[in-house]
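Protein chains in written order, with my numbering: chain D, 6 to 226; chain L, 6 to 226; chain H, 6 to 226; chain R, 6 to 226.
If you're looking for bench data, these hints aren't it; they were derived computationally from the structure.
There could be a bad hint or two in this list.
Since copy identity is lost for identical chains, a pair holds within one copy or between any two.
[As the list claims (entries may be wrong)] Below are the DMTMM-like pairs computed for lysine to aspartate or glutamate, each with C-alpha atoms no more than 20 Å apart in a straight line:
#1 226 <-> 18
#2 7 <-> 20
#3 205 <-> 67
#4 205 <-> 192
#5 38 <-> 168
There are 4 protein chains.
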Amino acid sequence: MKTNELIASCQNEWDGYIKHRFVVELGRGTLPKEVFRHYLEQDYLFLIQFARAYALAVYKSDNFVEMRKPLAALHSLINHETRLHVEYCNAWGLTEAEMMSIPEATGTVAYTRLVLDAGQSGSLTDLYTALAPCAVGYGHIGRWLAESPETVWEGNPYREWIETYSGEEYQSGVIDSIAQLDGLLAEISDNSLNAGRIRKVFRSATCMEIAFWEQGYDAMK
Amino acid sequence: MKTNELIASCQNEWDGYIKHRFVVELGRGTLPKEVFRHYLEQDYLFLIQFARAYALAVYKSDNFVEMRKPLAALHSLINHETRLHVEYCNAWGLTEAEMMSIPEATGTVAYTRLVLDAGQSGSLTDLYTALAPCAVGYGHIGRWLAESPETVWEGNPYREWIETYSGEEYQSGVIDSIAQLDGLLAEISDNSLNAGRIRKVFRSATCMEIAFWEQGYDAMK
Amino acid sequence: MKTNELIASCQNEWDGYIKHRFVVELGRGTLPKEVFRHYLEQDYLFLIQFARAYALAVYKSDNFVEMRKPLAALHSLINHETRLHVEYCNAWGLTEAEMMSIPEATGTVAYTRLVLDAGQSGSLTDLYTALAPCAVGYGHIGRWLAESPETVWEGNPYREWIETYSGEEYQSGVIDSIAQLDGLLAEISDNSLNAGRIRKVFRSATCMEIAFWEQGYDAMK
Amino acid sequence: MKTNELIASCQNEWDGYIKHRFVVELGRGTLPKEVFRHYLEQDYLFLIQFARAYALAVYKSDNFVEMRKPLAALHSLINHETRLHVEYCNAWGLTEAEMMSIPEATGTVAYTRLVLDAGQSGSLTDLYTALAPCAVGYGHIGRWLAESPETVWEGNPYREWIETYSGEEYQSGVIDSIAQLDGLLAEISDNSLNAGRIRKVFRSATCMEIAFWEQGYDAMK
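Let the hints inform the model, and build the full structure from the sequences given.
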């Protein structure tokens with residue numbers, strides 16, 4: 006089993022996530038600012054739960070060698086990505102104190118707690134599988150936007166976002182994530198019960214990412 | 006701290022859940038059948054996760070005396086409630102095999118995994134607090150519908166549902182649930198950090214119940 | 006991978022456990038009564054943690070079909086085995102209230118918490134692997150004692166114990182346990198990383214069973 | 006409830022741990038080298054599980070502020086303490102590769118898995134309570150040795166060990182650990198059920214530390 010096969014096993018859902026109107030409108034620069042702001046707020050709350058998921062991966066490790074990868078991810082998430090995110094949010098008029106007190110929306114709860122529950126109830130492979138729609142998907146989204154002829158660069162208020170996720174640094178992290186998940190998936194035979202469970206986790210996690218895109222629009226109604 | 010104070014601490018969300026249009030329309034008999042069928046399907050998937058939550062409560066117990074309550078709940082959930090639910094679904098044209106293969110909708114994932122994560126990451130009190138909007142809320146809903154002058158009994162296709170949750174057997178189970186949660190909450194001082202966390206869990210779980218009502222309507226769009 | 010191969014992968018430790026002097030002396034009827042009494046007390050505390058482990062297996066299940074087996078085990082453990090154990094202990098002059106207040110000895114903590122941690126941090130297969138030295142091993146011990154020419158039946162104060170574990174009912178339960186674990190192990194290739202981890206869990210759990218036998222003698226010093 | 010009261014609630018066990026013959030002989034420089042070497046090997050395996058426990062504390066945190074403390078502890082454990090420990094072991098002729106392949110002894114399994122299970126099944130307070138016999142106890146041991154007239158400094162092969170744990174850096178970390186645990190314990194009333202459980206966890210963890218000291222002597226027999 007490989008990451009690409011996981012994606013192929015739910016290609017419709019995957020495309021629905023990668024090419025969601027949120028992404029398309031972000032590329033064109035037409036995404037309503039309220040929707041983006043809602044996304045920024047929820048993404049902050051999302052990062053808290055993601056840090057917890059990487060901590061769970063450290064807990065699920067057998068030795069210091071195994072721990073090093075999720076620990077590096079955790080460290081970078083807390084000291085790098087979250088700081089960048091908070092700075093970026095400040096530029097959109099959102100303070101960290103405000104974001105801490107905002108309630109988590111349904112899609113945020115759904116995706117993050119699915120990841121944490123898959124991780125607690127399953128193996129390390131279940132945990133990384135549930136994380137993949139985020140860890141791998143944002144790379145696909147960045148690349149798709151960068152390559153799309155419809156993407157507007159000049160004057161696009163979301164240009165920085167697109168540049169971050171299509172940029173070399175992020176893309177190289179995605180290659181690492183895929184390599185790591187491929188290593189874990191190599192242990193699973195295609196027709197096994199484990200394979201069935203892993204595919205279900207991946208599809209469900211992808212659907213929850215769609216719900217995460219959707220919720221900013223719902224909030225505007 | 007008491008269950009009633011938890012409810013009062015998020016009265017708006019609680020009312021939004023108990024008196025949701027799903028409930029109102031169910032009482033009047035005007036709820037679209039597709040919405041109800043969607044609810045029945047998701048409720049089956051919900052019960053699986055609820056059984057897991059009670060199993061978690063058994064795991065979190067220190068001795069046989071403590072285990073007995075969640076074990077009885079687990080037993081009754083699997084051998085009684087689920088069977089009744091499956092029979093009831095059959096009457097609505099849904100088989101168990103079908104329901105097992107339906108994907109979980111966002112609201113189902115959100116509420117159930119929030120409960121499981123609150124239970125894993127917190128104490129037994131966090132777990133039962135997250136379960137309360139369901140365990141206690143359905144009792145409030147049943148009673149509210151039974152007492153409401155707007156409730157239609159004659160020819161209401163949802164009459165059996167209303168009778169189940171307003172019935173003596175269910176209501177007496179709710180009293181037990183409240184007593185048990187009150188016992189756990191008695192250990193928590195009103196102004197403590199734990200109290201803050203518990204209130205947040207309860208409010209968030211209540212909001213996810215609203216999302217659970219809402220999702221049948223979303224699916225119809 | 007199969008249960009038998011797990012045993013073969015640590016045959017020395019396994020034999021050290023199955024043919025421990027505790028077992029040998031129990032078969033000959035020469036085991037010091039204080040050692041046996043200590044074992045009975047600790048075994049009661051052990052059963053509490055074992056019930057928690059089966060509850061964890063229910064929690065780790067994906068659907069009602071998977072839940073049924075560990076739930077039946079949990080039910081039988083609490084309502085049947087524990088009751089028998091308490092009755093049996095009464096005959097040796099130990100009450101349940103007394104046993105509840107005795108501190109867990111090191112071997113009891115070591116084996117039971119290893120099982121629970123293997124179960125929480127790994128997959129369902131890790132959990133059942135850690136349980137196997139108990140679930141499968143007591144069957145081997147019972148059979149070994151029943152077949153050994155050194156076993157004394159007449160006047161052996163431990164005859165009932167030997168009869169229980171060599172008896173048809175217990176032996177048939179062991180066959181079920183092996184079949185179930187074999188089903189889970191079939192998913193694991195012999196040379197995989199998972200296989201390495203599973204063998205380590207099994208060997209470590211077997212060593213903790215040895216510590217469990219040993220602790221009664223230590224307490225007498 | 007306070008850390009000091011926890012200690013007072015099992016003063017005999019605490020003294021049995023702090024003033025164990027392992028500690029006394031270490032202070033006098035008479036501890037058999039084989040016993041100390043066994044301790045060093047097991048302490049390496051212990052640190053792996055301790056890192057997992059701090060990762061669990063990060064997972065159990067609600068927000069970035071709460072995460073920071075256990076994350077700093079985790080970071081320092083992996084990048085500082087473990088490195089120092091490995092260097093120190095090298096000086097005693099032990100390589101990291103060797104230590105990774107040594108099986109965990111019973112006392113190591115018992116203490117570490119008790120901590121992890123208390124943390125998984127209970128709250129963050131249960132987790133830190135179970136960690137305290139190590140986090141706080143080594144500080145008491147270091148101070149007791151430094152103040153004891155029986156401690157031999159000149160030519161003591163364990164002088165570096167004593168200096169580490171009685172040193173200012175370690176002692177100031179202990180003060181922080183106590184302050185943090187006191188903060189969590191402040192939420193628990195003395196006569197509550199939670200208080201009873203917390204005391205039991207602390208006493209049991211202290212007894213497992215005694216088993217950890219003892220196991221080097223057992224291995225020599």
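How the hints compare with the structure:
no.	hint	in the structure
1	226 <-> 18	between (24 Å within a copy, 18 Å between copies)
2	7 <-> 20	within (18 Å within a copy, 41 Å between copies)
3	205 <-> 67	between (26 Å within a copy, 11 Å between copies)
4	205 <-> 192	both (17 Å within a copy, 17 Å between copies)
5	38 <-> 168	within (18 Å within a copy, 47 Å between copies)
When the structure is compared with the earlier hints, no violation turns up for any of them.
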